[in-house]
Every structure is written in structure tokens, then in C-alpha cells.
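A.B. asks: Let the sequences and hints guide you as you build the complete structure.
Residue numbers for the sequence shown follow this note's numbering, beginning at 1162 and rising by one.
In short, the hints are calculated from the structure, not lab data.
Only a predicted model underlies this, so the values are computations on that prediction, with no experimental measurement involved.
Please note: incorrect hints may appear among the correct ones.
As the list claims (entries may be wrong) - Below, simulated SDA-like cross-link-like pairs (lysine to any residue); rule was C-alpha separation at most 20 Å, straight line:
#, residue 1, residue 2
1, K1188, L1487
2, K1171, T1232
3, K1163, E1190
What the hints assert, rightly or not - Label-pair restraints from in silico Cβ distances:
#, residue 1, residue 2, range
4, K1163, E1518, 15 to 25 Å
5, D1279, P1175, 15 to 25 Å
6, D1474, P1175, 31 to 41 Å
7, S1530, D1340, 54 to 64 Å
8, S1530, D1501, 43 to 53 Å
Built from N, CA and C at the ideal position, the CB exists for glycine as well.
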Amino acid sequence: MKITRIAVHKVDLPLEHPYWLSGGRLKFEVLDATFVRIDTDSGLSGWGEGTPWGHTYVAAHGPGIRAGIETMAPFVLNLDPRMVLDVERAMDLALPGHLHAKAPVDMACWDIAGQAADMPISDLMGGGSRTPAPIASSVGAKTVEDTRDVMNRYRGRGYVAHSVKIGGDVDQDIARIRDVEAHRGQNEVILYDANRGWTRQQALRVMQATEDLRVMFEQPCETLDDIAAIRSLHSAPVSVDESLVTLQDATRIARDGVAEVFGIKLNRVGGLTKAARMRDVALAHGIDMFIMATGGSVLADAEALHLAATVPDAHRLAVWACQDMLAKDIAPGRGPRNRDGHLHLPESPGLGVHPDEAALGDPVAIYESS
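C.D. replies: Here you go:
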């Protein structure tokens, strides 16, 4: 089997509601999504998606994905998509770094490999738990009252896990955390995510002021060095997200005890192939996980769910799905959807969902083997 054609689509995905990070420091309203269709000489086709969370959040953006695919396409064409390690190495040689550009190609290859084996991706990877995965909301709001309203909206959809965005103002962050905890539902999983929005002293002030609540924080500071520097000065469990990009990051976090939780975002780390190695590092060191798409449609959510299904239930805290935040659906009625705040693993081969191509429009680029 060989890759004969790569088609690239650009789609704007508007958010249902404006979204703020770090107490209003960053605002997002539309996501720039890239969808990739890979065709083979066997007749099988696979789909991938790369949707960064805007252009200002981290060093990843939509135009960069499409430029990266243009650079890598000649090296990927004519390869066997089932040989995901061969495809990974070809992309790494053609374009060092730029992991967000490689993720949709990796995803489409896994989709084809699953179809060829007549298995869901998670089963092909070696283990597909059918335990429904709780979806974590993403609560980006400017005020304490807004946070409460957004959380209640998600609770109304059945959500039992929440990622509450904080960072930017110490006193407001402390007030927000205490208000959320005062209204916490039974058995809810709540993560307080600063998105790198604190300096070291700000992080310590908030984390020490809320120690009595025994809450969990994600990415309190900009770098792993910052998080490690204050690790012994507070008692809160820490999840690392934005600073978990490479396998080297994962091994350092595990070795040095920088964090107790991995927040693995598939587009950020380069796709399923690279993310699976981080999963194994986490499991080897007793580190729990959130498995997440960076953003995007039900396709990206399905990919995250497949990886989450390979994590033992006891170590998988939640998945994050963006589909409920979007005002546009490119695969109506297809793929894993929110059912009482959980996603259920697709049983069909491969990814288990493909887009309505009419909703994507014409490709912005096509690469074909000669």
C-alpha cells in the first residue's frame, strides 16, 4: 500500500461563545483548522486534523500546519501509511520540529492502518477500554460570576470534569477557586489551569493560599524550570500541559518529580505515535493523565479518545473535547458525541469518523505522487 495523494483543506471553526484565557489576557473566537485527506493505491483513505488554539496561545498556528505539510509531502508520498514509524521518521527528517504540522498526517495514517486491519485505532494500538471517558469542560471566563455560569452550562450537558481557567490576578484567582470549590458537585474532577499565566511568586501566593482546599493546578508557570523551582514550596498536585511537548520533556518531568499529572495534547506533541511514548513514560512512573485535543472538531476529539482508551481507567482522569464549544459541525451526526458528559469509543475501523467533505470546501492544496 502506498500514499498517492494528500489533500489539504482550511476551515474556520467559530466558537459558540467568546473564550478567555488567563483572566482575559487572551481572547479567542474562531479556530483555524486544517483537515488532511490521505489517499492510497489500495482505495483506502484516511483523515487527519490539526487545529491549534488560535495563533497566540503557543508556538503553533494554522498557516504553519499547511506550510509544513507542503514541505513534508514529497517525503511522505509513496510511503506505506500503515508503517507509522516510517512516516514519522520521514517527517522528522524533512522538517525538524514543527510537531503541530505533523500531527494531522500521523492521524490520517493511523486512520488508514485501522481500516486496513479492520480495527479501531485504540485496539490496533494494543488496548481499547470501552469505559466511557468523562469529558473535561474548558471554562474560560473573565469574572467569578461568569465562571459559575459557564460551569453550570456544562453541568447541564452532563459534564463531571472541568478545566477552570485562572491566572493574571492573584486575588481574583484565589476568589475564583474558593467560589468554584464552594459549588463543587459530588465526584467532580476540577483542574485549575493558569496556562502559564503566573510568575513564580504569583503561583506560590495562590497555591499556598488555597492549600486547605487540596486542589490541583495545571501549568502554573511559564517553563518546567519555573515549576520545578517552586515544587517543594507548596503541596498541590501539578499537571503539566504547555511545557509537555517532547519525549525529553516527559522523561524530565517524570525523573525530577516536576508534576504528578501529564496533560497530553495530541496536536502539540505531534500526534498519536509520539503521544503513545509519553503515555508509557507516565504509566511507568505512576503519573495520571488528561488526554486532549488542542482544539477542533469531532475528528480531533475522536483521536484523543482513541489514545485515552489505551490508558488504564485508573490513570485516565478525563479527556477534553472541543466539539461542544463550536458553532460549526463539519461531521453532523458522526463520531463520538457527548452522552451524559462522556465520550464512547467508536467501534468502526480506524478513526471512526470522517467529515462531510462538502462542509470543508475545495482543498487549498493537493500533493500527488508522480
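A.B. asks: Which of the listed hints are not met by the structure?
C.D. replies: As far as the earlier hints go, 3, 5 are violated by this structure, in ascending order.
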